[in-house]
Amino acid sequence: MKNAPKELRAHDMMLPGVLTAQGFLGMDERPVGDIIAEDETEFAELKLDFDAVADKLAYLRDSGEAGLGEPVTVRDIDAMRDPPRALLVQTGDARGMLPCPYGDGLYHKNGVSVRSADMPPGTCVEGEDMLVFSDLSIHLLREHHFCQGRGSPFRLDASLIAKLLFS
Amino acid sequence: MSPILIGPLTVAGLSTVLALVIAVLDKFLNNYGILKIDINGGKKSLDVKGGSALLGTLAAENIFVPSACGGRGSCGACKCKVLTDIGPHLPTELPFLSPAEMAANVHLACQVKVRQNLAIELPEELFSVKKFAASVERIRDLTYDIKEIRFALAGEKIEFSPGQYVQLVVPPYGDIRESVQRAYSMSSRPSDSKYVELLVRLVPGGIATTWTHKFLKEGDRVELVGPFGEFGVRDTPATMLCVAGGSGMAPFKSILYHMQETGDWAEKEIWYFFGARTAKDMFYLDELRALSEAWPKFHFVPALSEPKPEENWTGETGLITDVLDRYIKEKIGKTKPLEGYLCGSPGMINACINVMKKNGVTEDKIYYDKFA
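Residue numbers (the working numbering), protein chains in the order written: chain C, 4 to 170; chain E, 24 to 395.
Because the hints were derived from the structure by calculation, they are not lab data. We put the beta carbon where it would ideally sit given N, CA and C, even for glycine. Among the hints, a few may not be true.
[What the hints assert, rightly or not] Listed next, the in silico DSBU-like pairs over lysine-lysine satisfying Cα-Cα at most 35 Å (straight line):
no., chain 1, residue 1, chain 2, residue 2
1, C, 166, E, 357
2, C, 59, E, 303
3, C, 166, E, 237
4, C, 59, E, 237
[Unchecked claim] From the derived model, a few chain E residues whose C-beta atoms are all more than 10 Å from chain C:
no., residue
5, 227
6, 300
7, 343
8, 356
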């Protein structure tokens, strides 16, 4: 897939050591446009909507803030599920702000982790059964459909989102 | 020569010539020579090679301004006042500076290029900040996500006040290709000056905490930079209200055991509220309960926000802010002078400040180091 100039510019900003030490691409060597296209396909196959996912992540972030830095059990807003899904959410802050690699905003540095409350503490693996995201991740997902590259600790993997938040 | 090759070879040749011209021009135009940095009106004067960022230039001269992002302009920690006119603030600095700071010529040291002689102002205590070589003496699991790490300093001693912090230098590892630094409060006592102890909680996705939890081993060599920070006990007769959660325990461990050791604990009344989610997240319970038995004016109040029935927790329950509010109203009282000491996330600190203010503690009597 041919990448648009804005994706080429964003790709350069997403490399490790530019905006963050880790970068946004993980071990992924695909162009940003290809990452987005493949994630859009997977979202569609799993019947996930980018705005709905971003809304749910923002809700979980806000709910996690009630824990004042400690994990807190959050009952999912999905009223169709009985009993309601229980998620363990921890919202933490880091010092400073991060610009969007696309250049359209500045976001508070924070980190939110979400896992099933049924899993014993210390057993979750990031990216496999724990979602990790930030304010910038939510923005990238909502506005650019960019879920980050494979291997990035902040990758919002469609299948994990479906399993953890929408199953 | 084949006409097909003439075009590409011409382009390649022109590109090479242009690259050479740029390299030569760069050598001359960006050569600022040796420049002078005057700090605090002549208290220190440095002769430095120009052309680099002020933050790194100062660090090369062993003056360490705190920074958490490695000079990318994303943490806003490395503020310093630049008295020389260096032009307007960069767009990258604006999100981190208040109008008053901008009017006072405060800049981010990582965003200021040393291109001329500079006069700057820095807090004097930064002059005593040093870089220490150390090795990991012991790593102990306190909970499933908090480790106590004890570093032995290589032939040096660290002088600090209990409550201060150091920056741990994290080397490149795994996919992380460059060194980063992160701030951690010291949990060791100042008298234990050949060692530094830190409590590190694993943060999902966090570079430094992932390294300390999954890569760092006993015997490894590391670097620490410090001490930094103004957090510490004020010399007043006021009752201390201390609040922490998780690895926010660190400065209070240092403060409490230092007070015990020096005898400062005899007169001061201290209430220490420590919050966790479940019993599995609690640590140092036995030690702190023993301390409160030996020290009648020290009251330790651990509280769980989500205790599990099988844990048979008999202590306080609820969010630590609710427990704090209840204790001030029902047990501590508002008639005596109170002062607050906080260590935790900005959300926790803000929530505690609100509770304390509602109970008559004025904001100038509430102390904390906001790491985030």
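Checked hints:
For a cut-off of 35 Å, the pair hint linking residue 166 of chain C to residue 357 of chain E is broken: about 50 Å separates their Cα positions. A C-alpha spacing of about 28 Å is found between residue 59 of chain C and residue 303 of chain E, which places the hinted pair at or below 35 Å, so the restraint holds. A threshold of 35 Å between alpha carbons decides the hint, and for residue 166 of chain C with residue 237 of chain E the separation of about 27 Å falls inside it, so the pair holds. Restraint check: the Cα-Cα separation between residue 59 of chain C and residue 237 of chain E comes to about 31 Å, which is no more than 35 Å; the hinted pair holds.
With a least CB separation of 4 Å from chain C, residue 227 of chain E falls inside the 10 Å interface cut-off, contrary to its annotation. A beta-carbon of chain C is positioned within 10 Å of the beta-carbon of residue 300 of chain E; the least distance is around 5 Å. With a cut of 10 Å on Cβ distances, residue 343 of chain E falls inside the contact zone with chain C, its closest approach being about 7 Å. Residue placement check: residue 356 of chain E keeps its beta carbon more than 10 Å from all beta carbons of chain C (closest about 25 Å).
Against the hints set out earlier in the document, violations occur for numbers 1, 5, 6 and 7.
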